[in-house]
Amino acid sequence: MASIFRWINSPVYLIVSVIIFFIAGVTTLFSQNLSITTFEVDVSPPLGIPVAYAPARSIIDPLSARGVVIYSDQAPVVLCAVDYLGIANEGLEAWKNALAQAAATSVDRVWVSVLHQHDGMRCDLTTERIMAEYGLGGTRFNVPYIEKSIRKVAKSVGKACKTRIPITHIGYGEAIVDSVASNRRILGDADTVVLIRWSKSTDAKAIAAPEGLIDPWLKSVSFWNDEKPVAALTYYATHPQSYYGQGDVTCEFVGIARNNLEKELGFPHIHFNGCSGNVTAGKYNDGSTIMRPILTNRMETGMRQAWENTHKEKLASADISWKSLPISLPLGKHLIEENLRADLANFTVTRINKLTAAKHLAWLLQTKAGKKIDISSLKLGNIQILNLPGELFIEYQLAAQKLKPELKICTAAYGEYGPGYIGTKISYSQGGYETSEGASRVSEDSEEIIMSAIHNVLQVKP
Numbered sequence: 010m011a012s013i014f015r016w017i018n019s020p021v022y023l024i025v026s027v028i029i030f031f032i033a034g035v036t037t038l039f040s041q042n043l044s045i046t047t048f049e050v051d052v053s054p055p056l057g058i059p060v061a062y063a064p065a066r067s068i069i070d071p072l073s074a075r076g077v078v079i080y081s082d083q084a085p086v087v088l089c090a091v092d093y094l095g096i097a098n099e100g101l102e103a104w105k106n107a108l109a110q111a112a113a114t115s116v117d118r119v120w121v122s123v124l125h126q127h128d129g130m131r132c133d134l135t136t137e138r139i140m141a142e143y144g145l146g147g148t149r150f151n152v153p154y155i156e157k158s159i160r161k162v163a164k165s166v167g168k169a170c171k172t173r174i175p176i177t178h179i180g181y182g183e184a185i186v187d188s189v190a191s192n193r194r195i196l197g198d199a200d201t202v203v204l205i206r207w208s209k210s211t212d213a214k215a216i217a218a219p220e221g222l223i224d225p226w227l228k229s230v231s232f233w234n235d236e237k238p239v240a241a242l243t244y245y246a247t248h249p250q251s252y253y254g255q256g257d258v259t260c261e262f263v264g265i266a267r268n269n270l271e272k273e274l275g276f277p278h279i280h281f282n283g284c285s286g287n288v289t290a291g292k293y294n295d296g297s298t299i300m301r302p303i304l305t306n307r308m309e310t311g312m313r314q315a316w317e318n319t320h321k322e323k324l325a326s327a328d329i330s331w332k333s334l335p336i337s338l339p340l341g342k343h344l345i346e347e348n349l350r351a352d353l354a355n356f357t358v359t360r361i362n363k364l365t366a367a368k369h370l371a372w373l374l375q376t377k378a379g380k381k382i383d384i385s386s387l388k389l390g391n392i393q394i395l396n397l398p399g400e401l402f403i404e405y406q407l408a409a410q411k412l413k414p415e416l417k418i419c420t421a422a423y424g425e426y427g428p429g430y431i432g433t434k435i436s437y438s439q440g441g442y443e444t445s446e447g448a449s450r451v452s453e454d455s456e457e458i459i460m461s462a463i464h465n466v467l468q469v470k471p
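By this note's numbering, the letter at position 273 of the sequence shown is numbered 282, and the numbering carries on one by one without gaps.
Think of the hints as simulated: they come from the structure by calculation, not from any bench. Don't take each hint at face value.
[Said to hold, decoys possible] List time: in silico DSS-like cross-link candidates among lysine-lysine, alpha-carbon distance up to 27 Å:
1. K377 x K323
2. K413 x K388
3. K272 x K164
The task is simple: from the sequences and hints, build the whole structure.
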């Protein structure tokens, strides 16, 4: 017994105890080291730069790229939302590679998607290279400015990563957004599309038709440092157009609502667009200028109510997991390289149709070269964020939510924009614009592959 007391009181024991205590403390701190940083960058184009449908002639509302980097006991996760119409092919690769390097993480742990504003920019370096081959370079994409914007955002991410804010809680709230979203595909008695309800509609029949299949819920996920909110992510599915197409750059009613609430509450808000390939504001929007502030107010009301309905729970590193799965989608049968190149070379084909041919050819070549599309999921306690590509139909979002009803699933679509519209299997036999040869670059067999991938990343057995 005396020898034990001598050992306890010896300098060696004290040193060993200090080392063990230090190691245990570091291990505990590492396992609980949950923090985030946010970034926001103005990516509005200079006047004269091509945006979605015309050269930029004014900046009404600035465009932004904003997001969050999440740190835990795993590699960092980057979630980034951009006020662009679409980011595709080698353009998306450039974004993801730059942000991964800036955040010191792997590319498969970076998610970049767009809000799909039609007065935002396009980013598709593959399509631009093809158009340049046929004398159309620079007419739809300004590569130097695109590359400059990517570098600027990556620099902002790198700088933000030097200052991290500890996170102790995760918050979740939801609210119904009233009189914004409506399904754009109106079916007749034969279960075929008889009327398309575009983003803006003055057709009395389209306005009178039922709202149709939508997801009315806006969801808010917030990060907290004890009682202080640090950042909020919001999710809602609709095409975000009120009126557009003249080169008057705007982040539209979804972006304006996001900006207003961010200013009001005093901390970063990042909004993601859900599966809204077949969802627009067409039932409630006639395209007049007075409708943009009205739609903005409805979106902002939904965002605020979701925030006010927020319930907080503790969050630790052990509650976080990320899963990413690369998939390939079957090409649409209408993507034939010889025909597409013939259209690009034909001087009688309009420029807008040549753009379509170039986008088709870009996706065809990328797919043949083995390009994969990432589908991913981020689990934050009982919240699961699902990240999907293209202009998916709302059915995918609703189906995902049914797979795990015990979880709060928030869906961001409009990741890889290369495939264009991605309908359900039955929709390709129903007609309509979205599944036409001009709009979709994948086949009806895509549904099974995407749903299998969703099961996988949500860890649900098919």
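Hint-by-hint comparison with the structure:
no.: 1; hint: K377 x K323; verdict: violated (46 Å)
no.: 2; hint: K413 x K388; verdict: holds (12 Å)
no.: 3; hint: K272 x K164; verdict: holds (24 Å)
This entry does not satisfy hint 1, going by the numbered hints stated previously; all others are met.
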